[in-house]
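In order, the protein sequences belong to chains X and E.
The first sequence lines up with residues 443 to 603 when you count with my numbering.
The second sequence lines up with residues 83 to 375 when you count with my numbering.
Incorrect hints may have been included.
Distance windows between CB atoms, simulated [as the list claims (entries may be wrong)]:
#1 X:L446 with E:A269: 49 to 55 Å
#2 X:D474 with E:E370: 39 to 45 Å
#3 X:R457 with E:A167: 35 to 41 Å
#4 X:G455 with E:D233: 46 to 52 Å
#5 X:D445 with E:G150: 54 to 60 Å
#6 X:R457 with E:A87: 24 to 30 Å
#7 E:N260 with X:P448: 34 to 40 Å
#8 X:S450 with E:R228: 37 to 43 Å
#9 X:R567 with E:E370: 26 to 32 Å
#10 E:G150 with X:C544: 38 to 44 Å
#11 X:S526 with E:D289: 57 to 63 Å
#12 X:R567 with E:A333: 40 to 46 Å
#13 X:S516 with E:R223: 34 to 40 Å
Calculated Cβ distances over 12 Å to all of chain X for the following chain E residues [claimed, not checked]:
#14 G107
#15 G115
#16 D135
#17 S146
#18 A167
#19 P186
#20 T236
#21 G288
#22 Q342
#23 L363
Sample of chain E residues facing chain X (criterion: CB under 10 Å; computed from the structure) [as the list claims (entries may be wrong)]:
#24 K84
#25 A85
#26 P121
#27 R271
#28 G273
#29 I277
#30 T329
Because the hints were derived from the structure by calculation, they are not lab data.
Even glycine gets a Cβ: it sits at the ideal position worked out from N, Cα and C.
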Amino acid sequence: MTDLVPISLTVNGERVSAEVLPRLNLADFLRDQLGLTGTHVGCEHGVCGACTVRVNGDIVRACLLLAVQTESASVQTIEGLSDSGEVSDLQAAFRDRNALQCGYCTPGMLMAAQDILIHEPDADREQIREHLSGNYCRCTGYHAIVDAVEATARARSEQAR
Amino acid sequence: MKASAFSYARASSVVDALDLLARHGDQAKVLSGGQSLMPALNLRLSAPELLVDIGAIEELRGISVANGVLTIGALTRHVDILRSAEIARHAPLLTDAIAHVAHPAIRNRGTFGGSLAHADPASELPACALALDAVILVRSRDGERRIQAADFFTGIYETLLAPDELLVAVEVPVAKPNAVHFFHEYARRKGDYAIVGLAASGILDGDVFTGLRLGYFAVGDKPMLAMASDHLTGRPVTTSMLADAQTALDAEFDPQEDQQATAGMRRYLARQLMARCVSTLLGRQDLETRALA
Numbered sequence: 443m444t445d446l447v448p449i450s451l452t453v454n455g456e457r458v459s460a461e462v463l464p465r466l467n468l469a470d471f472l473r474d475q476l477g478l479t480g481t482h483v484g485c486e487h488g489v490c491g492a493c494t495v496r497v498n499g500d501i502v503r504a505c506l507l508l509a510v511q512t513e514s515a516s517v518q519t520i521e522g523l524s525d526s527g528e529v530s531d532l533q534a535a536f537r538d539r540n541a542l543q544c545g546y547c548t549p550g551m552l553m554a555a556q557d558i559l560i561h562e563p564d565a566d567r568e569q570i571r572e573h574l575s576g577n578y579c580r581c582t583g584y585h586a587i588v589d590a591v592e593a594t595a596r597a598r599s600e601q602a603r
Numbered sequence: 083m084k085a086s087a088f089s090y091a092r093a094s095s096v097v098d099a100l101d102l103l104a105r106h107g108d109q110a111k112v113l114s115g116g117q118s119l120m121p122a123l124n125l126r127l128s129a130p131e132l133l134v135d136i137g138a139i140e141e142l143r144g145i146s147v148a149n150g151v152l153t154i155g156a157l158t159r160h161v162d163i164l165r166s167a168e169i170a171r172h173a174p175l176l177t178d179a180i181a182h183v184a185h186p187a188i189r190n191r192g193t194f195g196g197s198l199a200h201a202d203p204a205s206e207l208p209a210c211a212l213a214l215d216a217v218i219l220v221r222s223r224d225g226e227r228r229i230q231a232a233d234f235f236t237g238i239y240e241t242l243l244a245p246d247e248l249l250v251a252v253e254v255p256v257a258k259p260n261a262v263h264f265f266h267e268y269a270r271r272k273g274d275y276a277i278v279g280l281a282a283s284g285i286l287d288g289d290v291f292t293g294l295r296l297g298y299f300a301v302g303d304k305p306m307l308a309m310a311s312d313h314l315t316g317r318p319v320t321t322s323m324l325a326d327a328q329t330a331l332d333a334e335f336d337p338q339e340d341q342q343a344t345a346g347m348r349r350y351l352a353r354q355l356m357a358r359c360v361s362t363l364l365g366r367q368d369l370e371t372r373a374l375a
């Protein structure tokens, strides 16, 4: 009964079929079986946010989701968002503001930041902080990250006018 | 760490899930949103032989209102509750409380029923269920039981749920026009576990509470409905009534000490939360005491 389970899902727009052990979490599946190492693994119990990905449009912790639970789901990782250009302005803002040093938290941080930029485009600094409160960064002290997200929000709303 | 090996079964319906639990209940764990179960598995605090995944059972999802009762399906996610106009209208305490539950990425997966069945004594929603006088619907192959929230929680991660039972829904009486609510928790960081928290629901007749339910969390081995509220109802609240209620509160619970707080600190914060709740609901700043007594 601990046998391999067949799954079929979409990852960054591509159909993927695989056989996985029930205990394999989504983060390890993405990294080890699909080679998508942009999704980082930090705490492995849902605290640090480094493994944040999108499943069916919602950000989730890839370490708190089993690969078998993603049957028929649409998964998007930082590779997908990066390659499509969806977050290119956000990435540029992170660079401009020094919103990363070691970079370990950055993929998860970008996923969470893009989520608030989509759902609350007029978010203020306090709301941005709150939305990112589930993502740890041990380098920057968060200020520069909030700067970058806020700058991107303002730039996008300017563009929308 | 990684979870130890287990088998996996995706239940296609409630009947299917109940069959699986009847066969494997003792060795099985129900996987709902997994936001508490998965950390426990990854930390190897839990090592079931089988996970019964109920995530695909559509009949367990959703919010409905009928005959003065709000019914929340077990699989309703925290984010669905946060965004629900029906919840905001009929049980606004839940709307306030959900914003304190973890972080957005967790709220996108975590479920209402899962949180109640998990019964973490520091979590917000079990205390809300107490304050709202909710009824918890559980089902097994033998039929359905309706359990008052006040009876449901029995200890740390322990409830009246039997191994072959599934929590299917929660019923909450819709808020009356003169209902008031209060939610606050003290935590080190946004989204962290509360050091002490209070979910309260009351009925106000002018400046008098005709009813007041105080659901405390993180003050013991389970959420606690404080009987001390009896001191605050039936008459306009005075400073001495509040002091009596705080003394009674102190006598009825036995908070634990851990790395977050001493038992004494929890007692102090619980009394402060009571004062803050009463003064906020009544709009009476004079009641918000800072006395250490």
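Against the structure, the hints:
For L446 (chain X) and A269 (chain E), the hinted distance range of 49 to 55 Å is not satisfied, since their beta carbons lie about 41 Å from each other. Between D474 (chain X) and E370 (chain E) the Cβ separation comes to about 55 Å, which falls outside the hinted range of 39 to 45 Å. With their beta carbons about 37 Å apart, R457 (chain X) and A167 (chain E) fall inside the hinted range of 35 to 41 Å. Evaluation of the 46 to 52 Å hint for G455 (chain X) and D233 (chain E) yields a pass: the beta carbon distance comes to about 50 Å.
Judged by the Cβ atoms, the range 54 to 60 Å given for D445 (chain X) and G150 (chain E) is violated: they are separated by roughly 49 Å. Take R457 (chain X) and A87 (chain E): their Cβ atoms lie about 28 Å apart, and the range 24 to 30 Å holds. Between N260 (chain E) and P448 (chain X) the Cβ separation comes to about 56 Å, which falls outside the hinted range of 34 to 40 Å. A C-beta distance of roughly 40 Å is found between S450 (chain X) and R228 (chain E), which places it inside the suggested range of 37 to 43 Å.
About 29 Å separates the C-beta atoms of R567 (chain X) and E370 (chain E), a value consistent with the hinted range of 26 to 32 Å. Taking 38 to 44 Å as the suggested C-beta distance range, the pair G150 (chain E) and C544 (chain X) does not conform, at roughly 55 Å. Under the hint 57 to 63 Å, the C-beta atoms of S526 (chain X) and D289 (chain E), about 58 Å apart, fit the expected range. For R567 (chain X) and A333 (chain E), the hinted distance range of 40 to 46 Å is satisfied, since their beta carbons lie about 44 Å from each other.
In this structure the supplied range 34 to 40 Å holds for S516 (chain X) paired with R223 (chain E), their Cβ-Cβ distance being about 35 Å. Against the 12 Å criterion, G107 (chain E) stays outside the reach of chain X, whose nearest CB is about 15 Å from its own CB. With a least beta-carbon separation of about 9 Å from chain X, G115 (chain E) fails to lie farther than 12 Å from that chain, contradicting its non-interface assignment. Consistency note on D135 (chain E): stated as away from chain X, yet its beta-carbon is not over 12 Å from all of that chain's, at 7 Å minimum.
The Cβ of S146 (chain E) sits about 23 Å from the closest Cβ of chain X, beyond the 12 Å cut-off, so the non-interface label holds. The beta carbon of A167 (chain E) sits about 17 Å from the closest Cβ of chain X, which is more than 12 Å, so the claim that it is off the interface holds. Interface exclusion of P186 (chain E) from chain X breaks down, the closest Cβ pair being 6 Å apart, not more than 12 Å. With 12 Å as the threshold on Cβ separation, the claim that T236 (chain E) sits away from chain X holds: the shortest Cβ distance comes to roughly 25 Å.
Listed as outside the interface, G288 (chain E) is consistent with that label: its C-beta sits roughly 36 Å from the nearest C-beta of chain X, beyond the 12 Å cut-off. No beta-carbon of chain X comes within 12 Å of the beta-carbon of Q342 (chain E); the shortest separation is about 15 Å. No Cβ of chain X approaches the Cβ of L363 (chain E) within 12 Å, the least distance being about 25 Å, so the stated non-interface status holds. With a least beta-carbon distance of about 7 Å to chain X, the hint placing K84 (chain E) at the interface is held under the 10 Å criterion.
Because the beta carbon of A85 (chain E) sits about 4 Å from the nearest beta carbon in chain X, less than 10 Å, this interface hint is met. Residue-level restraint check for P121 (chain E) holds (minimum Cβ-Cβ distance to chain X is 4 Å; threshold 10 Å). Hint on R271 (chain E) holds. Least Cβ distance to chain X is approximately 7 Å, under the 10 Å limit. Satisfaction of the interface hint for G273 (chain E) is found here, the shortest Cβ-Cβ separation to chain X being roughly 5 Å, below the 10 Å cut-off.
Interface hint status for I277 (chain E): violated, as the beta-carbon distance to the closest one in chain X is roughly 17 Å, over 10 Å. Evaluation of the T329 (chain E) hint against chain X yields a violated restraint, the C-beta minimum of about 36 Å exceeding 10 Å.
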